[in-house]
Amino acid sequence: MRSSRVLVLLLLHSALLAVLLHVIAALPHSLPYHHQYCANDTDVMDHLLMETALRYNRHKLPSQPVTVRIEMWVQEVTSVSELTQDFEIDLYVNEFWEDPALNYEQLYPCNRNLSFDHSIQQSIWIPNTCFVNSKKAHIHSSPFRNVFFMIFPNGSIWSCWRIKSTGPCLLDLLKFPMDSMSCLLTFESYNYNINEVRMRWNEPNRKYAAGLWDELTVSFTFRRRYGWYILQGYIPTYFTIFISWVPFYLGPKAIPARTMIGVNALLAMTFQFGNIIRNLPRVSYVKAIDVWVLSGMTFIFASLIELAMIGFMGRNEERSIVKLKQLNKKV
Numbered sequence: 006m007r008s009s010r011v012l013v014l015l016l017l018h019s020a021l022l023a024v025l026l027h028v029i030a031a032l033p034h035s036l037p038y039h040h041q042y043c044a045n046d047t048d049v050m051d052h053l054l055m056e057t058a059l060r061y062n063r064h065k066l067p068s069q070p071v072t073v074r075i076e077m078w079v080q081e082v083t084s085v086s087e088l089t090q091d092f093e094i095d096l097y098v099n100e101f102w103e104d105p106a107l108n109y110e111q112l113y114p115c116n117r118n119l120s121f122d123h124s125i126q127q128s129i130w131i132p133n134t135c136f137v138n139s140k141k142a143h144i145h146s147s148p149f150r151n152v153f154f155m156i157f158p159n160g161s162i163w164s165c166w167r168i169k170s171t172g173p174c175l176l177d178l179l180k181f182p183m184d185s186m187s188c189l190l191t192f193e194s195y196n197y198n199i200n201e202v203r204m205r206w207n208e209p210n211r212k213y214a215a216g217l218w219d220e221l222t223v224s225f226t227f228r229r230r231y232g233w234y235i236l237q238g239y240i241p242t243y244f245t246i247f248i249s250w251v252p253f254y255l256g257p258k259a260i261p262a263r264t265m266i267g268v269n270a271l272l273a274m275t276f277q278f279g280n281i282i283r284n285l286p287r288v289s290y291v292k293a294i295d296v297w298v299l300s301g302m303t304f305i306f307a308s309l310i311e312l313a314m315i316g317f318m319g320r321n322e323e324r325s326i327v328k329l330k331q332l333n334k335k336v
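The sequence shown begins at 6 in the working numbering and counts up one residue at a time.
The set of hints was computed from the structure by calculation and includes no laboratory data. Errors might be hidden in some of the hints.
[To be verified] The list that follows gives simulated cross-link-like pairs (lysine to aspartate or glutamate, EDC-like), each with its CA atoms no further than 20 Å apart:
| # | residue 1 | residue 2 |
| --- | --- | --- |
| 1 | K169 | E76 |
| 2 | K141 | E93 |
| 3 | K140 | D91 |
| 4 | K65 | E103 |
| 5 | K180 | E103 |
| 6 | K140 | E93 |
[What the hints assert, rightly or not] Ranges between beta-carbon positions, derived for each pair:
| # | residue 1 | residue 2 | range |
| --- | --- | --- | --- |
| 7 | N118 | L189 | 17 to 23 Å |
| 8 | G279 | S187 | 23 to 29 Å |
| 9 | P105 | W233 | 43 to 49 Å |
Backbone N, C-alpha and C fix where the C-beta goes; we use that ideal spot for every residue, glycine too.
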């Protein structure tokens with residue numbers, strides 16, 4: 006009886022040892038499987054460009070509707086023009102959306118994403134977005150077309166465009182030169198309405214005859230640097246007005262000199278005003294700089310009126326003295 010129990014225990018230990026050895030032998034082959042046999046970029050691209058292309062329809066919406074998320078990175082504002090009331094800007098436009106038909110997670114890719122150039126847009130669905138209110142826009146192409154697409158294993162797509170765009174500005178010169186200017190760029194899908202493409206930006210929707218389109222509007226506010234106008238406009242105006250007051254100390258009989266100083270001051274003020282506003286658009290409302298310059302002209306003109314009154318009164322006084330002398334001689 007005792008020998009049979011020992012035999013059973015030996016058999017159990019042998020069986021457990023065999024199972025343990027089998028598991029240990031299997032571990033090195035099963036654990037790094039995905040690492041050793043992941044699909045490289047070439048295999049994934051062949052799958053996307055060839056196998057997927059056979060059943061992929063680039064005109065079919067990936068979902069209903071497609072949610073497109075937008076990011077904009079401003080690189081540089083190259084110009085702001087008051088005359089044409091527009092601005093020119095270089096910016097990066099990033100778009101993110103999901104296309105389940107381009108999912109390649111089942112291939113166990115070695116890399117987390119794949120990058121493509123602009124030629125891929127002829128093979129996949131894109132939201133066809135644009136700046137609908139821009140005066141002109143183009144994609145940078147130096148040294149090559151500045152567009153790239155990145156596709157992730159779950160079917161998410163990231164597109165990036167480097168664009169130069171010229172957009173309209175809302176110009177209000179009422180407080181010129183202490184004014185600011187708002188410039189707007191409205192971004193929307195040109196082909197797809199709100200039932201097909203939704204853009205993640207909380208702005209009012211615009212209604213067209215064919216329905217609603219989602220819009221994203223980015224506003225740029227530019228505040229004018231008025232230091233140049235202080236040096237070229239306000240300070241010279243101060244000096245011109247002070248110069249127009251010099252004739253008050255020349256005496257009532259220095260009429261020619263007083264007249265010359267007053268007229269020259271008025272001409273100088275007019276020239277300064279023209280130099281300031283020559284680069285501004287012609288608007289029908291009164292600007293802050295208009296009030297300032299016209300007030301200065303009023304002071305100078307008032308000094309000329311005072312000169313004329315003093316001259317007139319002085320001449321009448323001289324005539325009265327002459328008549329009085331003539332009467333005294335007769336008496």
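Index of numbered hints that the structure contradicts, given in increasing order: Of the numbered hints given earlier, those the structure breaks are 5, 7 and 9, listed in rising order.
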